[in-house]
Each structure stands twice: as C-alpha cells, then as structure tokens.
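S.K.: Sequence:
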Amino acid sequence: MAFSLPARALSYALAIFLGSTLLFLLEPIAAKRLLPLLGGSAAVWTTCLVFFQTALLLGYYVAHLLATRMRPTTQVVQLVLAVAPTLRANVDRPIISVLWLLSSLIGLPFVTLSATSPLLQAWFARSSPGGRGDAYRLFAISNIGSIVALLGYPWLIEPRLTVRAQTILVISVLIMQAILTGVIGASVRNAREVGDATASGESAGVPAATRVLWVGLAACASLLLAATTTHISQNVVALPLIWIVPLVAYLLSFVVAFSARRWLPRWLVVGLAIVGLIGSAPLLYREVFNIPILPATAAFCIALFFLCLFLHSELYDRRPAPDHLVRGGGRRARRRAGRHRCPAGVAGQL
26 MAFSLPARAL
36 SYALAIFLGS
46 TLLFLLEPIA
56 AKRLLPLLGG
66 SAAVWTTCLV
76 FFQTALLLGY
86 YVAHLLATRM
96 RPTTQVVQLV
106 LAVAPTLRAN
116 VDRPIISVLW
126 LLSSLIGLPF
136 VTLSATSPLL
146 QAWFARSSPG
156 GRGDAYRLFA
166 ISNIGSIVAL
176 LGYPWLIEPR
186 LTVRAQTILV
196 ISVLIMQAIL
206 TGVIGASVRN
216 AREVGDATAS
226 GESAGVPAAT
236 RVLWVGLAAC
246 ASLLLAATTT
256 HISQNVVALP
266 LIWIVPLVAY
276 LLSFVVAFSA
286 RRWLPRWLVV
296 GLAIVGLIGS
306 APLLYREVFN
316 IPILPATAAF
326 CIALFFLCLF
336 LHSELYDRRP
346 APDHLVRGGG
356 RRARRRAGRH
366 RCPAGVAGQL
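So in the numbering used here, spot 96 of the sequence shown is number 121, and the numbers just go up one at a time.
What the hints contain is simulated information worked out from the structure, not anything from laboratory work. Virtual Cβ for every residue (Gly too), placed ideally from N, Cα, C. It is possible that some hints are incorrect.
As the list claims (entries may be wrong) - Label-pair restraints from in silico Cβ distances:
no.: 1; residue 1: Ala323; residue 2: Ile200; range: 35 to 45 Å
no.: 2; residue 1: Leu309; residue 2: Ala211; range: 48 to 58 Å
no.: 3; residue 1: Val231; residue 2: Asn260; range: 38 to 48 Å
no.: 4; residue 1: Pro179; residue 2: Ile316; range: 18 to 28 Å
Produce the entire structure from the sequences given, and follow the hints as far as they go.
M.R.: Structure (structure tokens):
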C-alpha cells in the first residue's frame with residue numbers, strides 16, 4: 026500500500042497530520058476574518074498567498090536552524106516555547122493592511138506549525154537507518170492533512186461551529202500536536218549529535234545543477250497555483266473561499282507524486298501534463314467558447330493538477346537524501362514565496 030508505514034512511524038505520521046491539518050485550518054479561518062474588513066477580491070487572497078508562503082519559508086528556516094544547530098531536546102523546548110504565546114492570539118486589534126492583520130492574527134502559530142512538519146521528518150530520517158522512503162511518505166501525509174482541513178472547513182466546520190467553538194477546536198488540536206511532538210522529541214533525545222548527521226550530508230554534496238532544478242520545479246508549480254487562483258478569481262467566478270479548490274488540486278498532486286510515484290509510469294505523467302497544457306488553452310477564452318462557470322473552474326483545477334503532478338513527480342524522482350530534507354523543503358518554500366509575489370503585485374495593480 027502507498028501509505029504503509031512501520032509501527033514506529035505512526036506517531037510521527039499522526040503528529041505531522043495534526044500539524045498540517047491545523048496549519049491549513051488557520052488559512053481559511055484567517056481569510057474568513059478578512060472578508061468583512063477588506064472584501065473577497067482576488068488581490069486580497071493573492072496577498073494572503075504571499076503571506077502564507079513567506080511564513081512557511083520562515084517556518085522552514087526555523088526548522089533548519091533547530092535541526093542543524095540544536096540537540097533534539099533543545100528543539101522540543103524551543104517548539105513548546107514558541108507554541109505557548111499563540112494561545113493568546115488577539116483577533117480584535119485594528120489593522121492597516123492584509124499583511125499586518127495576518128501577522129497579528131496567525132503569524133506566530135503559522136510559523137511554528139510550519140517548522141514542525143519538516144523538523145519531525147528530519148528527526149525520523151536521521152533516527153531511521155535506511156528509512157528514506159518512509160520519510161517522504163510522511164511528507165505526503167502532511168499534504169493529506171492539509172487537504173482534509175481545506176475541505177473540512179467550508180463544509181463541516183464553518184457552517185456548524187461558532188467563532189468561539191472554532192477557536193477552542195484550534196487550541197485543542199494545537200495542544201494535542203504539541204504534546205505528541207514533545208513525546209517524539211523525548212524519544213529521540215539520545216540520537217546522534219546533529220553536527221555528525223549534517224556533516225555526513227554535507228560531505229556527500231549536492232551538485233549545483235540539481236539544486237537549481239529543485240528550485241525550478243517547485244517554483245513552476247507554485248507559479249501555476251498562484252496564476253490559476255488569480256485567473257479564476259478575477260475572470261471566472263469571484264466567490265468567498267473559491268481559492269480552496271485550486272489549492273486542493275495543488276496539494277493533491279503532492280500527495281500522489283510523493284506516495285504513488287512508483288505506480289505511475291513516467292509516460293503517463295507526461296501525457297497528463299500535455300493534456301492539461303493543451304486543454305487549458307481554450308479556457309482562457311471562456312466567453313468566446315461560451316464555457317459555463319462550473320465546468321471552466323473544474324477544468325482549470327484539473328489542468329493545474331496534471332501539470333503540478335508532472336512537476337512534483339520530477340521533484341520526487343530527484344529528491345534529496347534525508348540529510349538534506351529540511352534544506353530542500355526550505356528551497357521549495359523560498360521559491361513559492363518569491364513566485365507568489367509576482368501575481369500578487371499584478372493583481373494589486375489591476
């Protein structure tokens with residue numbers, strides 16, 4: 026099975042799943058809070074994308090510092106200290122911009138949760154000789170948690186829970202995830218020194234061309250997500266939380282690429298990418314071809330999935346060794362943040 030994991034990996038999988046679910050619960054909750062203040066225009070959400078990806082980059086950088094500069098026990102303490110202030114987040118303070126509101130509302134918990142998943146994967150990879158494949162399945166599980174949160178919020182959580190109940194839910198999951206992460210950290214406190222682990226990874230070295238390819242593949246997928254989201258919001262349909270649909274397609278491509286890649290022949294992945302590329306061309310002229318809104322939105326998201334599946338499959342085939350796991354994640358986040366600034370700026374000017 027694609028998600029078969031050894032028993033010792035289940036605690037890691039659960040902690041990563043909870044962290045990713047909570048991380049992507051914060052996104053629609055924060056976006057929902059912006060609606061009565063700033064409206065639901067495409068520029069607002071694209072700016073949110075810039076914030077989320079920049080915060081994700083910062084979280085990955087924090088994970089990199091923790092994993093390479095501190096012992097496991099110290100890493101756990103730092104995470105707990107970072108989580109504690111998030112329980113007092115104040116959502117009533119005045120704002121002067123989207124970025125200021127998001128920073129005030131979810132900045133610290135978002136960065137902290139962003140650091141947790143890659144750090145847990147690094148712990149698992151370094152404490153599991155020969156466990157490289159399992160570490161990357163944990164990455165797929167983190168994206169499943171993200172999808173569950175994105176789909177569950179508009180259809181299950183938001184219609185049924187008050188704002189206070191949503192806050193209690195978020196805090197409860199946050200506490201559970203922090204406790205589980207602490208237990209895992211305690212179990213690896215006797216792991217080898219971080220410096221030794223990173224030294225072996227550094228000695229192997231990564232060719233510059235490979236690093237550039239990692240950056241390029243992740244950047245193209247991120248740019249496709251931002252462009253598709255902006256186009257749907259501006260030219261197809263402007264609905265609250267419509268951005269969830271392309272984001273789910275993007276994350277689903279990660280799940281498939283990092284869990285079922287061995288069962289997907291490369292010719293099929295390439296063929297689907299070609300279909301997505303060619304099939305999306307007429308959609309840019311939806312009014313000319315008189316394509317209804319719902320089929321057009323679905324077709325755009327399917328094309329996005331096919332193209333991102335190709336890019337993420339290529340990224341998986343060239344994935345770094347476990348010693349470079351956190352560093353590779355940081356590059357992915359850095360490219361996402363940089364590429365989302367371009368559509369955000371254009372959308373803002375329009």
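S.K.: It remains to establish, for every hint, whether it holds in the given structure.
M.R.: Hint check results:
no.	hint	result
1	Ala323 x Ile200: 35 to 45 Å	holds (38 Å)
2	Leu309 x Ala211: 48 to 58 Å	holds (54 Å)
3	Val231 x Asn260: 38 to 48 Å	holds (40 Å)
4	Pro179 x Ile316: 18 to 28 Å	holds (24 Å)
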